[in-house]
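Work out the full structure: start from the sequences and follow the hints.
Residue strings, one per chain:
Number of protein chains: 2
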Amino acid sequence: MYDFPTQGPPGMASDIKQLMREERRDSQEDSQEPTFEGTEKRIEIDFVWSGEKADLGARAISRSMWDKILALCECTIVSHKALKRLDAYILSESSLFVCADKIIIKTCGTTLLLQGLRTLLDHAVNELGLELEWLFYSRKSFLFPEFQRGVHGSLEDEVSVLREVCKDFGCSTGNAYVLGPLNGDHWIMWNADFKEVDSNYRYDHNLDIMMYDLPDDVRSKFFSSSASGTVADGMSEESGICDIYPGAVVDAINFTPCGYSCNASLDDGESFFTIHVTPEESCSYASFETNVRCSSEILVETIRRAVAVFKPGRFSLTHVADNGIIKELRGKDNLGILPYEHGVFDTDYKVKATSTYRWELDYQASVSSYVSRRSLSPSKTVSTIASPRTVSSEY
Amino acid sequence: MYDFPTQGPPGMASDIKQLMREERRDSQEDSQEPTFEGTEKRIEIDFVWSGEKADLGARAISRSMWDKILALCECTIVSHKALKRLDAYILSESSLFVCADKIIIKTCGTTLLLQGLRTLLDHAVNELGLELEWLFYSRKSFLFPEFQRGVHGSLEDEVSVLREVCKDFGCSTGNAYVLGPLNGDHWIMWNADFKEVDSNYRYDHNLDIMMYDLPDDVRSKFFSSSASGTVADGMSEESGICDIYPGAVVDAINFTPCGYSCNASLDDGESFFTIHVTPEESCSYASFETNVRCSSEILVETIRRAVAVFKPGRFSLTHVADNGIIKELRGKDNLGILPYEHGVFDTDYKVKATSTYRWELDYQASVSSYVSRRSLSPSKTVSTIASPRTVSSEY
Numbered sequence: 001m002y003d004f005p006t007q008g009p010p011g012m013a014s015d016i017k018q019l020m021r022e023e024r025r026d027s028q029e030d031s032q033e034p035t036f037e038g039t040e041k042r043i044e045i046d047f048v049w050s051g052e053k054a055d056l057g058a059r060a061i062s063r064s065m066w067d068k069i070l071a072l073c074e075c076t077i078v079s080h081k082a083l084k085r086l087d088a089y090i091l092s093e094s095s096l097f098v099c100a101d102k103i104i105i106k107t108c109g110t111t112l113l114l115q116g117l118r119t120l121l122d123h124a125v126n127e128l129g130l131e132l133e134w135l136f137y138s139r140k141s142f143l144f145p146e147f148q149r150g151v152h153g154s155l156e157d158e159v160s161v162l163r164e165v166c167k168d169f170g171c172s173t174g175n176a177y178v179l180g181p182l183n184g185d186h187w188i189m190w191n192a193d194f195k196e197v198d199s200n201y202r203y204d205h206n207l208d209i210m211m212y213d214l215p216d217d218v219r220s221k222f223f224s225s226s227a228s229g230t231v232a233d234g235m236s237e238e239s240g241i242c243d244i245y246p247g248a249v250v251d252a253i254n255f256t257p258c259g260y261s262c263n264a265s266l267d268d269g270e271s272f273f274t275i276h277v278t279p280e281e282s283c284s285y286a287s288f289e290t291n292v293r294c295s296s297e298i299l300v301e302t303i304r305r306a307v308a309v310f311k312p313g314r315f316s317l318t319h320v321a322d323n324g325i326i327k328e329l330r331g332k333d334n335l336g337i338l339p340y341e342h343g344v345f346d347t348d349y350k351v352k353a354t355s356t357y358r359w360e361l362d363y364q365a366s367v368s369s370y371v372s373r374r375s376l377s378p379s380k381t382v383s384t385i386a387s388p389r390t391v392s393s394e395y
Numbered sequence: 001m002y003d004f005p006t007q008g009p010p011g012m013a014s015d016i017k018q019l020m021r022e023e024r025r026d027s028q029e030d031s032q033e034p035t036f037e038g039t040e041k042r043i044e045i046d047f048v049w050s051g052e053k054a055d056l057g058a059r060a061i062s063r064s065m066w067d068k069i070l071a072l073c074e075c076t077i078v079s080h081k082a083l084k085r086l087d088a089y090i091l092s093e094s095s096l097f098v099c100a101d102k103i104i105i106k107t108c109g110t111t112l113l114l115q116g117l118r119t120l121l122d123h124a125v126n127e128l129g130l131e132l133e134w135l136f137y138s139r140k141s142f143l144f145p146e147f148q149r150g151v152h153g154s155l156e157d158e159v160s161v162l163r164e165v166c167k168d169f170g171c172s173t174g175n176a177y178v179l180g181p182l183n184g185d186h187w188i189m190w191n192a193d194f195k196e197v198d199s200n201y202r203y204d205h206n207l208d209i210m211m212y213d214l215p216d217d218v219r220s221k222f223f224s225s226s227a228s229g230t231v232a233d234g235m236s237e238e239s240g241i242c243d244i245y246p247g248a249v250v251d252a253i254n255f256t257p258c259g260y261s262c263n264a265s266l267d268d269g270e271s272f273f274t275i276h277v278t279p280e281e282s283c284s285y286a287s288f289e290t291n292v293r294c295s296s297e298i299l300v301e302t303i304r305r306a307v308a309v310f311k312p313g314r315f316s317l318t319h320v321a322d323n324g325i326i327k328e329l330r331g332k333d334n335l336g337i338l339p340y341e342h343g344v345f346d347t348d349y350k351v352k353a354t355s356t357y358r359w360e361l362d363y364q365a366s367v368s369s370y371v372s373r374r375s376l377s378p379s380k381t382v383s384t385i386a387s388p389r390t391v392s393s394e395y
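These protein sequence lines map, in sequence, to chains A and B. Heads up: the first sequence is residues 1 to 395, going by UniProt numbering. Heads up: the second sequence is residues 1 to 395, going by UniProt numbering.
If you are wondering where the hints come from, they were derived from the structure by calculation, not from laboratory data.
Once the Cα atoms are required to be at most 30 Å apart in a straight line, the calculated BS3-like pairs of lysine-lysine come out as:
(1) A:Lys332 to B:Lys332
(2) B:Lys350 to A:Lys332
(3) A:Lys327 to B:Lys327
(4) B:Lys195 to A:Lys352
(5) A:Lys350 to B:Lys332
(6) B:Lys195 to A:Lys350
(7) A:Lys352 to B:Lys167
(8) A:Lys195 to B:Lys350
(9) B:Lys53 to B:Lys81
(10) B:Lys327 to A:Lys332
(11) B:Lys327 to A:Lys350
Written out as C-alpha cells, the structure is:
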C-alpha cells in the first residue's frame, strides 16, 4: 500500500499544482515519517436499467472480471457480501458497491483508480451491453499530493484521462469543477452525462464525511497486532460504529498494525454506509459515506453520530443529491435542514466555508469544511510511526 | 485598445490553461476577424474608515495619482462625476468608483489591471495612511484568453501577483476560487482579508450581469460615426438604459465606430449602476453592475430590465453580498428571491448552472449562467468588422 516515488508526480507544471506548491511544502515539512493517504478517489457510474429483477445490469460483472479491473487499480477484494439489491465489497484500499444500475468504487492510498476505468467500461458496454448514463469522479484535495502516482499526480492528468475515456464511450461534454479554495481544502469533481434523462426524482444521493486529525483516544481503538473478524468486530463495537445507524449489519476488517474498513448494510438491501480509518497520528483520517434515504432529522443525527465516533479536528462534508432528495429533506414545511447548511454542528464545530454547484436539470453537489471548536492538544499516547499494513490471510 | 500579440500569453503551461485549450481552439476558429474582449477584470478594495465626513479616506487619492495608476493599467479617465459619497469615473476601458472606504476598478479589453495594484496600495497605505481591510479580484472566463497580455494570460500568473502583493501589504491568507466548470463558463475570484472584522451588516453587495450574443437590433443602437455627449445620451435614451432604474442620472460616453459606457448615479449619492457595451457582432457583450440596496422585488425587476435592454443570447449573473443583504432580500417572510436563484428568468431564459461559495463569517458569492430560450438567428444587418475605437476629444 505504500509507494514513495523519489521524484514528484509526473505531468506538466500546472496552475493548480503551482497554487498548491506552498501547501505541499508545508505538509512535507510536517511529515518526515512515512504517511498513508486516507483520502479516497471515487468513481460513480449510472447505467440504464430496465428495473426488472431478471436484468442483472452491472451485477452481471463477474468476480474474476472485478479482480482483473481492480488489479489495474492496484488493489484487491478482501470481503464480499451479496445483499438484496447490492454487492458490497471491501477492498484492500476502501470499497466497491455494485447495484444493477450503479457502480461506486472508492480507493485510497496511492492506488491508481482511473487506470481500471477503460477496462471496466469496455466490459460493461461492449461485452455486457450495458448503456452508460452518467459518470462522476470526485476526490478531496490530497493530504500528500506529492506521493500520488500516475495520472493522480495532477488534476490535469486525471481530467485528461476522464475526458478521453468518456469521449471514447460517447460523451464529449464532461467537465471538471473545483469546489473550494484552490490552495486549501477543496473538492474536485468530474461530471459526464452520457444521456439526457430526467433524474430529478430517483431519490439518489451520496453523503460523504472526510475527517482529519483524530484524537488519540479515537485512533488507539484502531490499532491491533492481529487482524481477524473478531478483532475487527470488536473495533466496530467499541468505537461506536455499530451504533451510528440502528439495525445496520456491519461487515468489518482490520489491518495490522492499524487500520480499519467496513461496509454496513441497512435493512432495505440497497442502503449502506461505509467507513475507512487511517489511525496513524501523522496522517489520521476517517471517512464515512452513506446513500441512506431518510428524513432530514435522521440524516443530521446520522452525521452527528458518525462525527462523534471520530471526533475529528476538522472535516469536510460532501453531498451530491437529486432534486427529489433535496425536496424530501426540506420536508412539507420546507424547514428541513440540508446536510451542508451552516450551523448543523454549531455546538462542537464551526463551519469554515460552503461551496455548492447546481446543475441545470436535476442534481446539486456541495462541500462544507468544518473545524473543531475544542483546542487540539494531542497527548501522544499512541505510536506515531506509520508502517506498512497487512490484511490477515483470514479475509 | 486593440493589441494582438502573435504569440500566446506568457506564463507556464497550467492545469486550467490546459483544460481550456479545446475551448480556445474553438473560439479561434470562430473568430478570424479582430475581436474586442468586453469581459472586465475587476478589483474591489475595502479600507477601514472612521465614518466621519472630514475623513476623505480613499477619496483623498488625487486625480493625478489616479492618472498615474491607470496609466500602469493602460487606460485613462474620460469622464468624472463627484457625487455625495462617491467619485464615479468612466475610463477608456470601463469604470472606476471611489468611496471613502471602497475602491472598485473595472477594466476590459487587454488592459493590465493588476499592473497598477502595487502602486495604488503603496500610495493608499504608505502615503495616505489608509488601512486595508479586504481585497477582491474577479473576472469571468475570457472570450478570447489567447489575446490577454502580461499576468492576465494565465490564472496562475494573476494569482501569483495577487498573492505576492497582498502578502507584502500584510495578508498571507488570500485564496483563489473557480466557480463553474473549468472548461466552460466560469468565474474566477481572489479573496484576501487583511483584517478580521464583522462585515455581516454593512449591507454591502455587488451584482454584475455579463451578457453575450446581443441581437442585431440591440447592437445597432451602439454604433455611431461621431462620439459626443449628445450621441451618447441618445444611445442611453433609445436603448432603454435610462429606464432601468427610476431617477438614475446617467453619465454616458460613446466610441467610434461603436461602443458605449455609462455610470449612472442613483439618488442616495452612493448607489450606482454602470454599463459597458461591446456591440461588434463577432464579440458582442454588455455588462451591467449595480450596488443598489433595495428589496428583492425591485432588484429582480432591475435585473429583468437590464437583461431586456440587451436581450443577450446568454448571460452570467454574479452576486457578492454580506449576510445583511441576504436577509434583507429574503425579507421578513423569508420568501424573497435571491438574484441567482433558479427560475427568476424562466420565461425567457433557462438557467444552466449555479455556483455558490459561502465564507465563514459574513459574505457569499454566486454565479449563475443562463441561456435564452429563443432560437438565435442573427440577420446580419450590421457591419461585423470590429475596428479600433476612439473616444472623441470632447470627453
